[in-house]
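*Asks:* Listed below, chain by chain, are the residues.
There are 2 protein chains.
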Amino acid sequence: MKITRTWNRDNIAQIETLFHTANGYLGVRNAPEEGHVPGSIRGAYINAFHEIVDIHHGEKLYGFPETKQTIANVPDAQTVRLVLNGRAYSMLSDETVDREQTVDTETGLAVRSSVWMHPDGALRVTYTRMASFEIPNLFLLRLRVESVDYDGEIAIESTVNGDVTNYADADDPRVAAEPLRCLSLVSSCVEEDEAMVVCRTLRSGLTVACRAMQGCSLPGSWEGEGALLCGRYEGRLHPGECVKLNKLVVYTDSLRCEDPAEESRRVMREARTLGGYELMRRQKKYLDGWQERTMPRLAAPQPLPEALEYDLYQLLQSTGSDGVGSVAAKGLSGEGYEGHVFWDSEVYVFPYFLWTQPEKARGMLEYRWRLLPAARENARTLGMQKGALFPWRTISGGECSAFFPAGTAQYHIDADIAYAFLQYWRVTGDLAFMAEKGAEVLVETARMWLELGHMQDGEFRIDCVTGPDEYTCCVNNNFYTNAAAQYNLRGAAAVMRALHGADLAERVLAATGVTAEEEAAFEAAADAMRLPRDARLGISPQDDSFLQKKPLDWKALPRTDFPLLLHYHPLFLYRHQICKQADTVLAHLLFPETAEKDTQKKSYDYYDAVTTHDSSLSVCVFATQAARLGDLARAAQGFEATATLDLMDTHGNTRDGLHTASLGGTYLAMLRGFAGIRAEDGGLSVDPVLPEGWDGYELPFEYKGSRLLLQVRGGEARLSLREGDPVDAVVRGEKCRIC
Amino acid sequence: MKITRTWNRDNIAQIETLFHTANGYLGVRNAPEEGHVPGSIRGAYINAFHEIVDIHHGEKLYGFPETKQTIANVPDAQTVRLVLNGRAYSMLSDETVDREQTVDTETGLAVRSSVWMHPDGALRVTYTRMASFEIPNLFLLRLRVESVDYDGEIAIESTVNGDVTNYADADDPRVAAEPLRCLSLVSSCVEEDEAMVVCRTLRSGLTVACRAMQGCSLPGSWEGEGALLCGRYEGRLHPGECVKLNKLVVYTDSLRCEDPAEESRRVMREARTLGGYELMRRQKKYLDGWQERTMPRLAAPQPLPEALEYDLYQLLQSTGSDGVGSVAAKGLSGEGYEGHVFWDSEVYVFPYFLWTQPEKARGMLEYRWRLLPAARENARTLGMQKGALFPWRTISGGECSAFFPAGTAQYHIDADIAYAFLQYWRVTGDLAFMAEKGAEVLVETARMWLELGHMQDGEFRIDCVTGPDEYTCCVNNNFYTNAAAQYNLRGAAAVMRALHGADLAERVLAATGVTAEEEAAFEAAADAMRLPRDARLGISPQDDSFLQKKPLDWKALPRTDFPLLLHYHPLFLYRHQICKQADTVLAHLLFPETAEKDTQKKSYDYYDAVTTHDSSLSVCVFATQAARLGDLARAAQGFEATATLDLMDTHGNTRDGLHTASLGGTYLAMLRGFAGIRAEDGGLSVDPVLPEGWDGYELPFEYKGSRLLLQVRGGEARLSLREGDPVDAVVRGEKCRIC
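Sequences listed follow chains A and B, in order. Residue numbering for the first sequence follows our numbering, beginning at 1426 and increasing consecutively. Residue numbering for the second sequence follows our numbering, beginning at 1426 and increasing consecutively.
Okay, chain A solo, but in the shape it has when bound (with noise of 0.2 Å):
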């Protein structure tokens, strides 16, 4: 499937974000190969490679963070300068005509072309970039300028460049305020067709090494020392003539390898051996073994199955599975909101990969171990005498919220991690990881919750937290948290009885001290927990005084008023009955023990209408508990929203990176929502329901090492299996066995 899009003036950074080109550890921006343009943000990323930066705080409290992460922009490699009888190509140019810019999900190869009516002749000038499934480290870049009936000199100037900063904009809190310069130049060189720049950061100390080859049809050579190498290639070309660069990149990092420039060196010696054709004959390979495996077929009209392939696509680009990235909030496409990774990994995206490529999943709950010494440092700043408490946002565990109502009062990450180890544990099977890793991350985090809450009147309550609605911050007993608590702590207690009976404990002992009495202690505090219902409304209310607040008539505001948080102060926000984005919604999807399905509909309505939907992680939730709700016109509706939300740039922001969280939840809505499959205590369940306006859809998935398929048409629904061992469900609410 391709996308395509012509680029102007006006959408440059928006076409860099959508057509960037990343495999999960390196991401680059599809910036134009000319150099800067104005409205352009150039990037280049690898996940988790990021420097420290200070926090100025106008007002300094205890605990507040003096530092934080953010993403660092590494070299650039993917300036390649077109000079044709000295006139530089420009892709912005009046003379660039016939411009398209396009995505193949099946090649995994994003391409840039056009027609540059030169003065002395026309050409066809293409260019274009892969990032390597099959080799993460690789990123590829190829010139084909093809005469059509320019006859002139022609000169290439491709460079390497440890030179850059950071984007910055000082007017939206969403991204950096100030421009910062993360690299210092440790040491550059020439050898033979290779070129290298090794930078370090200055603050974090990670390095980087940057490598690049480069072959072309025309003579010549690198040049250059410092921060900035070039390779100049010169000759003519004449009618009908064709000149190719081919640009092999290799960034190597030390937070995953002990000498970035060796193994950059030892990274391209592979990828030459293989070549440019047959890297990229893998990636298709690689991509038709990903599309067989994962992707829905849908039978619906257009765009809903270009942008779900679209957005799975991006998934798989952004998302980190070696245990030191996971996924951030932008995935690699872009710097918004620092490179941190927040609770849409788990929440929101981690659900595609555990039931498509449930190895990944694994990798991305190994990020969250491995920061669990930070989490329990984090838990002491809180004031907690035991337990983990993960930071909000953050890159290598530190956290990195500078405003804490809205930061680190969101508690619930916990339970949202927790959540995702034990879908894992559910959906694999796998103990031996519970025994290892998983029932670590559940015992520290049930912990921190015994420490948070309290037992008053027979009820376990959670006092002064922010739940998923940052329109409401720092509340009694958010539903959504209460809720996801409750499920931390029963599943952290049945993971422990699990290891028990399997004789698996004795790591988790070791490593946590758990005893007998703080199993029962998770239990009691779950069966205790505070979730009300309001008899009058007949909903679950969002927290202990949400509904006494005072109603807003937002619908009645200027459409520029929105994002309400641009334009208005949080405590006019916190004080109204308003909410960004899905909180009771989703703890009723997540959860759906937690309330009757009359409380759910009615809560939906309600929620409905005070939320304004400003976050881009709401409208997914509300299609998806639209389609359990059997609202299936509702669900259609927020789907298309959802699945286009960046494609169509809706939320105005596309050219800050990707809406991970957006893309994730056009997957949810498939599985969850329409699909209805769910893995608890009871085993694997699955409700299909169609969507208004679809004649059917096919959706493959794993369960247990077993591989299904569910294929839905009009009112049939069919689960079958594609491989493995039989598997026990409950279709529609029938038990059966799927062989």
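Derived by calculation from the structure, the hints in this document are not laboratory data. Since the structure is predicted, the reported quantities are computational estimates derived from the model, not experimental observations. It is possible that some hints are incorrect.
Just so you know, same-sequence chains aren't split out, so a pair can sit in one copy or run between any two.
Below, computed lysine to any residue pairings styled on SDA-like, alpha-carbon distance capped at 25 Å [unchecked claim]:
| # | residue 1 | residue 2 |
| --- | --- | --- |
| 1 | K1427 | A1923 |
| 2 | K1485 | R1628 |
| 3 | K1980 | M1809 |
| 4 | K1980 | H1879 |
| 5 | K1427 | R2103 |
| 6 | K1669 | G1546 |
| 7 | K1975 | H1879 |
| 8 | K1785 | W1715 |
| 9 | K1785 | G1665 |
| 10 | K1975 | G2140 |
| 11 | K2160 | C1667 |
| 12 | K1811 | F1987 |
| 13 | K1709 | R1722 |
| 14 | K1485 | R1961 |
| 15 | K1811 | A1981 |
| 16 | K2160 | Q1727 |
| 17 | K2129 | V2155 |
| 18 | K2129 | K2160 |
| 19 | K1427 | D2074 |
| 20 | K1975 | E1943 |
| 21 | K1427 | S2131 |
Based on the hints, put chain B in the right spot on chain A.
*Replies:* Using the frame of chain A, we list chain B on its own:
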């Protein structure tokens, strides 16, 4: 009365605060005349004379202030170095003995004296300082060197220096984090025996002139250029002889006059005409009158009488009444809290002036009235269509709080200011002031409450506010806030009724456009105000959820953990039942009609147990309320703690400046607690009690232009008229006429 201390290396900054000289306009810390020494926080300040500095927010959200005002250190004129035979005097040298620092509340002079055991003979060195109450621009400094048996050369260097910076301490959130240079030199000159520097603040564009004249018994003259001007005097000193230097310093500023340089010339002429001795005589005369008019006399054990007199003297020194400045949290004694004015001014300090020097109290109100336009703007920033919200901390009207949960969210500041206006009206009967200025403030603040709160289920609720207790933030229906808002709303309606009745409403109608419907809405909201009582505990709940929060066994924490705000994350404090300071107890004290006596008693005990008194605004309130509740032992104990808070430096930070709220609290305990003096709709009431361990007391005060004296001895109380018309009062529940 004299207070005496001995200084040493460890208490320099504390001495500087305790013995600073100020007069409500100008404040000079009692820094070493020899120049900077380690531990000193050298400074001189002009009330409200400020610079503007940026606020850096880690995450800047809509409406967060981008700049703040900060009190500017003005040119240094207190340096008078003494050199004998090439050896410089140092107050900290081992050669300096018999060290004594005093302040005399009768003469208004601060005197530092010591004996210098110079290798060439002994001398007595005495520095005398005065900030003139007669001419507030004037600071006087005298040096007297008496030789006992010293025989040798003597040189004196006395400077005026415009090259000054503000103090900084990166580790304490209550002090500015970074050193700041506020002033740039505009001009400097030497004119015969006078020298002057004129400086301008860099961003706020304010000008200050500092002009010094000095006379010395030794020959010498002014020298120097640029920001540093120095008068040098040299000669010989023989045993038994005495050398004197008299320095008159005049500060003028562009907040109060058009041409500070010219104005300083004029004021200096006036001062010189009077001369130093006459100025000192008038200082004493001023203080004689002040004593007679305002000073309570205690028949109580020391240090109480002394401490009370010291505290009231400091209130006199700290408070401006020219309408340009008021009283900052630290008065004019230091840079703590950056010279910002908080609610302390109205609730803690104002009553002293209101009941003894109402013309100064009116000046404080005029200061707030002048800030109304900025308060209106602040309300708009907070999303309010109407009304005015005074900023939590300010100098010139803009919000300076960079942390809204314990800042801007303290909306009660509006009611606190309204309370002061209403008290002024009730105590003075000055309806003309209400017509001109007061009603405008009352209407605009009352409107703010209508915008902030809302009716639900027959109650007027005020959600997401922070009450006085800063360990419990962003809660619903804080009892204090609601009670104070009720008083504000009712009072606005009452004043409007009075103005309509007297046909004096024209100005306020023109200024605010307030309607009859709005006036009715003020009353309706006040009548419906949510002020619940917890039936189980029999207390007023601090807010809707305080009593449900987790108890904290704070008495088990080590003393080094206090104040808790320096050792615990705000989220930890917020989720526990723990108070920094009086909150509901203050509500009961100021608005006793909001709860039955029994509820007040039970509330007192309940909150006493959960209050750390980490704030200096707390103990005085508990002492005062204890007196009202008849617990005369606790009242006496709390009074002593309050009265000696700075003198004993019990909060450990007197170095940064005096705690003016606590100084005012000392008087509040006398007036409101012991004497039981109030003025409400029903007129004046007096209900005295005698604290345990006291024989009696006398308290002079003024009411509607008449001067009264309350005399309490044992169980007897006598209220008598000293001057003016007869006064109707309710004394110990009985109506009587004082004549």
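*Asks:* A separate judgement is required for each hint: does it hold in the structure or not?
*Replies:* Checked hints:
1. Taking the shortest alpha-carbon separations for K1427 and A1923, neither the intra-copy value of 47 Å nor the inter-copy value of 77 Å comes in at or below 25 Å.
2. For the identical chains of this complex, K1485 and R1628 are neighbours both inside a copy (22 Å) and across copies (24 Å), given an alpha-carbon limit of 25 Å.
3. In this assembly of identical chains, the alpha carbons of K1980 and M1809 lie at most 25 Å apart only when taken from different copies (18 Å versus 42 Å within one copy).
4. Taking the closest pair of Cα atoms, K1980 and H1879 come within 25 Å of each other only across two copies (19 Å); inside a single copy the shortest separation is 39 Å, beyond that limit.
5. With identical chains, the CA atoms of K1427 and R2103 are never at most 25 Å apart, being 32 Å at best within one copy and 81 Å at best between copies.
6. With identical chains, the CA atoms of K1669 and G1546 are at most 25 Å apart within one copy only, with a shortest distance of 18 Å there and 95 Å across copies.
7. Proximity of K1975 and H1879 under a CA criterion of 25 Å is satisfied inter-copy only: 6 Å between copies versus 29 Å inside one chain copy.
8. For a Cα distance limit of 25 Å, the shortest separation of K1785 from W1715 inside one copy, 12 Å, qualifies, whereas the shortest one across copies, 80 Å, does not.
9. Neither within a single protomer nor between protomers do K1785 and G1665 lie at most 25 Å apart by alpha-carbon distance, with minima of 47 Å and 93 Å respectively.
10. In this assembly of identical chains, the alpha carbons of K1975 and G2140 never lie at most 25 Å apart, being 44 Å within a copy and 52 Å across copies at closest.
11. Within a single copy, K2160 and C1667 get their C-alpha atoms no closer than 63 Å, and across copies no closer than 109 Å, so neither meets the 25 Å cut-off.
12. Taking CA atoms no more than 25 Å apart as the test, K1811 paired with F1987 passes between copies only; the shortest distance there is 22 Å, against 41 Å inside one copy.
13. Proximity of K1709 to R1722 under the C-alpha cut-off of 25 Å is restricted to the intra-copy arrangement: shortest distance 19 Å within a copy versus 95 Å between copies.
14. In this assembly of identical chains, K1485 and R1961 lie within 25 Å of each other by CA distance neither inside one copy nor across copies; the values are 43 Å within and 39 Å between.
15. Only between protomers do K1811 and A1981 lie at most 25 Å apart by alpha-carbon distance; the minimum there is 18 Å, versus 47 Å within a single protomer.
16. Taking CA atoms no more than 25 Å apart as the test, K2160 paired with Q1727 passes in neither setting, with 35 Å inside one copy and 87 Å between copies.
17. Within a single copy, K2129 and V2155 get their C-alpha atoms as close as 15 Å, which meets the 25 Å cut-off; across copies the closest is 84 Å, which misses it.
18. Taking the closest pair of Cα atoms, K2129 and K2160 come within 25 Å of each other only inside a single copy of the chain (17 Å); across copies the shortest separation is 88 Å, beyond that limit.
19. With identical chains, the CA atoms of K1427 and D2074 are at most 25 Å apart within one copy only, with a shortest distance of 18 Å there and 74 Å across copies.
20. In this assembly of identical chains, the alpha carbons of K1975 and E1943 lie at most 25 Å apart only when taken from different copies (19 Å versus 41 Å within one copy).
21. In this assembly of identical chains, the alpha carbons of K1427 and S2131 never lie at most 25 Å apart, being 31 Å within a copy and 90 Å across copies at closest.
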